[in-house]
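Chemist: Okay, here's what each chain looks like letter by letter:
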Amino acid sequence: MSDAAQTIAVEVIGIEQITPLIKHFKLAPVGGGSLPVFSGGSHIIVVMQGTARLHKNPYSLLGSPLQLDSYEIGVRRMEESRGGSHFMHDSVKVGSRLEIAHPVNLFGLDKIARKHVLIAGGIGITPFLAQLEDLHGGGIPYQMHYSVRSSEHAAFLERLQRREGERLHMYYDSEGQLIPFETLLATQPLGTHVYVCGPAGMINHVIATAKACGWPDSHVHWEQFSAPPVGDAFEVFLARSKISVHVPPDQSLLESIEAAGVEVPYLCRGGVCGFCHTKVLELDGELVHNDHFLSDADKAKGKSIMPCVSRAHGKRLVLDL
Amino acid sequence: MLVTGIKSKPVYAPLQADIRGRYHLMLGMGVGAAPLLRVIAEMRAASEASLKYTRVLYVPGAEAEQFKTAAVSDVQIFAGTPALLESFRQVLAQSLMGTRLYVAGPESFIGLVMKIALEFNLNKDEIRAEECGSLARRIYCIHCRATTEEVRTNIVRCVGCERWLLVRDHYSRRLAAYMGVMVDAEAPGELPLLKEVFL
Amino acid sequence: MSAVFKPHETFRDDFTYANSPQAIRRFPLPFPEDNYMYSVNIEPHMPGPAGSVTEFAFDVDEHYVAECRERAIVLAAEPLRYQALPHMMSSQWDCMELIMDSLARDYPEHFSLAKQGNRWHWINRPLEIDQHFTFGDAASLPREPLDYITRQAQGDFVVMDQREGDLWTEAGMVTTQADWSLDFDMGMTFKEWHGPVPLAHELQVFDRALKFLLNLRLGAPVRRLNWTMTINPRLDTSPENYPFWGPDRASVTAQNAGDRVHLRVELQGLWRLPRSNAVVFGIRCYLISLRELATVPKWARRVHRVLRHLHPALIDYKGLTRYREAAVAWLAPFDDGSPTTPGTASE
Chain R
1 MSDAAQTIAV
11 EVIGIEQITP
21 LIKHFKLAPV
31 GGGSLPVFSG
41 GSHIIVVMQG
51 TARLHKNPYS
61 LLGSPLQLDS
71 YEIGVRRMEE
81 SRGGSHFMHD
91 SVKVGSRLEI
101 AHPVNLFGLD
111 KIARKHVLIA
121 GGIGITPFLA
131 QLEDLHGGGI
141 PYQMHYSVRS
151 SEHAAFLERL
161 QRREGERLHM
171 YYDSEGQLIP
181 FETLLATQPL
191 GTHVYVCGPA
201 GMINHVIATA
211 KACGWPDSHV
221 HWEQFSAPPV
231 GDAFEVFLAR
241 SKISVHVPPD
251 QSLLESIEAA
261 GVEVPYLCRG
271 GVCGFCHTKV
281 LELDGELVHN
291 DHFLSDADKA
301 KGKSIMPCVS
311 RAHGKRLVLD
321 L
Chain P
1 MLVTGIKSKP
11 VYAPLQADIR
21 GRYHLMLGMG
31 VGAAPLLRVI
41 AEMRAASEAS
51 LKYTRVLYVP
61 GAEAEQFKTA
71 AVSDVQIFAG
81 TPALLESFRQ
91 VLAQSLMGTR
101 LYVAGPESFI
111 GLVMKIALEF
121 NLNKDEIRAE
131 ECGSLARRIY
141 CIHCRATTEE
151 VRTNIVRCVG
161 CERWLLVRDH
171 YSRRLAAYMG
181 VMVDAEAPGE
191 LPLLKEVFL
Chain D
1 MSAVFKPHET
11 FRDDFTYANS
21 PQAIRRFPLP
31 FPEDNYMYSV
41 NIEPHMPGPA
51 GSVTEFAFDV
61 DEHYVAECRE
71 RAIVLAAEPL
81 RYQALPHMMS
91 SQWDCMELIM
101 DSLARDYPEH
111 FSLAKQGNRW
121 HWINRPLEID
131 QHFTFGDAAS
141 LPREPLDYIT
151 RQAQGDFVVM
161 DQREGDLWTE
171 AGMVTTQADW
181 SLDFDMGMTF
191 KEWHGPVPLA
201 HELQVFDRAL
211 KFLLNLRLGA
221 PVRRLNWTMT
231 INPRLDTSPE
241 NYPFWGPDRA
251 SVTAQNAGDR
261 VHLRVELQGL
271 WRLPRSNAVV
281 FGIRCYLISL
291 RELATVPKWA
301 RRVHRVLRHL
311 HPALIDYKGL
321 TRYREAAVAW
331 LAPFDDGSPT
341 TPGTASE
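Taken in order, these protein sequences are the chains called R, P and D. At position 35 of the first sequence the residue is numbered 35 (my numbering), and the sequence of numbers has no breaks. At position 54 of the second sequence the residue is numbered 54 (my numbering), and the sequence of numbers has no breaks. At position 172 of the third sequence the residue is numbered 172 (my numbering), and the sequence of numbers has no breaks.
Quick caveat, the hints were computed from the structure, so don't treat them as lab data. It should be emphasised that the depicted structure is a prediction, and the values quoted were computed from it without experimental measurement. Ideal Cβ placement from N, Cα and C applies to all residues, glycine included. Wrong hints could be hidden among the right ones.
Here's a subset of chain P near chain R, in silico, CB distances under 10 Å, partners left out [claimed, not checked]:
(1) R20
(2) S95
(3) G98
(4) E119
(5) F120
(6) N121
(7) L191
Modelling step: build the complete structure from the supplied sequences, incorporating the hints.
Modeler: So, in structure tokens, the structure goes:
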């Protein structure tokens, strides 16, 4: 989306601290009525007006796609937050107003899969909660593997246990329990799809293990919204707009460009979808690629950048914007 | 009426061993034996172990004997394609993720194998196919939905409605067939010269 | 302004279909210039001017009742013109909701929809339908949801599942098509489905269109126009029935082209569907005879020029070979060589 696209005004109608780090928010449309229907795995962009600046963060929708009087999201307080998750945790109260964008699904279930294996680490459980609503009661077999630090960090555990019973497999780091990735992925029937959401290390491990077990890439699905990492401040020149923009350490390139009044099309704001792909016209220095979209070869070429999460340091960066 | 240059026509490439796969399932017909034996040799060179997980389903061809000396543990020879396809379906039902499919033979054979593979949600990353032998086509009559087998000519009389059909390049993997469409609808009786083109 | 239906006009046999002067004025001419080549001419499907074919999500015009009857005739003879693979059921409900919501909102004098939770009540006054059903329960409807609702809509509908970075044609209702077969193309990827289209692949039209559609957003539908020509106002120019309509092409002369030759324009709309994350592709067909078209002088000049200079591969693909010259000859007296203003407005 871009800022020109429609957003929906919502009011926070419920907040619950469900683990030491995760808060659960319920968002209802201002003035009542229904929110748009969505599919399991969808996320929304939440627009927050902070004191210093605007935050726009992606959060997976975790409620039932059949309950549309409110949306549910889970927000983990990030250690190195640039403000978005801290804003949600510290400044948003019941009754607060936020803007959200229409749901987008970049992590949908494969509809012709013969089996689904879902793997979550920590807050990565959120997109699966809505997907499980879709899978529950359908004819396709599935398993949910959920790994957490310890029982106090097991967000949404009751909801999962109640619904999923034996299909839920829990793993607690505190008990030394690890998901047996190798065994799990080496023994799945043909036509299985695996989905993983969690810390980067877990995602990379699942991707590597699946490859080692002979899985084709098309059966391995993952989603990880990178929060735009902090970095050095740098300057960027926008060639078509003919303006120079300062990017401070705790603001992303995309946010800085938007703050300067230039619109860049985006969907995920998390380095996943490739929608904000921007051409680099000149570079004296180096790009700091933090996205999951560009191939390593494209990253090395330095001819394009995903401004939602990636940065630069050096003397000069000119973008085709 | 576009006949050739249609992008739905499948593109085949010479088979190569894909040692990223854990299990290798090979299906061949007739002269399709040669590409499969070539892949087996490649796999032996890359990793002897992978041959333990290699299985061959084959309809001869004079080449059946050669598989016996190829040191592949599991080779099944079938009297005809229907028996092979039936066994193939059973093998897929028991197969695990990590399986690679290698198909070699005439296009019509490849198409029938692919059609079953699709039902098991195998996709293009898991299947390799090399066309060899006859280029004869299966033709689906768009008017009466009958399929005419072993078509070698540019136009063919439909086995169902007996109309003369133009053989197009438009291909359906679901039907494992090319489209046939009435050739003389606009000018009855005006047929192009019959030519053998799919040999 | 609501159109007055012409329930008895026909699209076969005696071909009584015709456009009223109002329908001619709102005809969606697909040629903004005097020449034509493919482009990725996609734009947001935003409401157009009042009375135009894009005023609403789905245009209901004076041919509505007759087109629904024509669809029923085709389906009675060939049930496979409607097909849906089993995994497309959630997208079927999505389509039904999209169409019912739009029609009830935009044409309250003709349609109404009342929802109480999952219990829905649908009224279609022009077709005299009054249906109570449970949303999500296929057994509560007389047909599958996509079949049910598209029998009450003008234009074809194709539903594409999104997976593996592609769009797969896996459900649809196709009875008013320009020579392509849903039955044959079911299960195809986006590029396989468009495989027979010449030139456009080389222009990377489908690469770009696919990339665009994979990122199509909820609540942000898009549209484009496409066109071909048809002899007689025949909606069902399917490959299945080509033996019956193919001979028409040989019947055109420079004398009868004005009444026989029709410009066939498709208003194509694309929507992301919410529950299924599928994409529905609506293909609404508008037919206008050259004689009707020539009542707008600028359009006559423009269409004459487009047809005269059309690329040979497009002439073949669109099936114009046998009668293009006759159509050009019939239009020639309307083209005095004076320039046309840019855009498609009638003046």
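Chemist: Is the hint on N121/P kept, meaning its closest Cβ partner in chain R is under 10 Å away?
Modeler: Nearest chain R Cβ about 4 Å off; hint holds.
Chemist: Holds or violated: F120/P as interface residue toward chain R, Cβ cutoff 10 Å?
Modeler: Because about 5 Å separates F120/P from the closest Cβ in chain R, which is inside the 10 Å limit, the hint holds.
Chemist: Under 10 Å, Cβ to Cβ, is where R20/P needs to be relative to chain R, so tell me if that hint holds or is violated.
Modeler: Given a least distance of 6 Å, the restraint on R20/P holds.
Chemist: So, E119/P near chain R? Judge it on the closest CB pair being under 10 Å.
Modeler: Since the shortest Cβ distance to chain R is 9 Å, the answer is holds.
Chemist: With a cut-off of 10 Å, does the beta carbon of G98/P approach a beta carbon of chain R closely enough for the hint to hold?
Modeler: holds, 3 Å
Chemist: Could you check if L191/P really has its C-beta closer than 10 Å to a C-beta on chain R?
Modeler: violated, 42 Å
Chemist: Please check whether S95/P passes as an interface residue: C-beta within 10 Å of a C-beta belonging to chain R.
Modeler: Check passed: Cβ of S95/P comes within 5 Å of chain R, closer than 10 Å.
Hint compliance for this structure: hint 7 is the single one not met.
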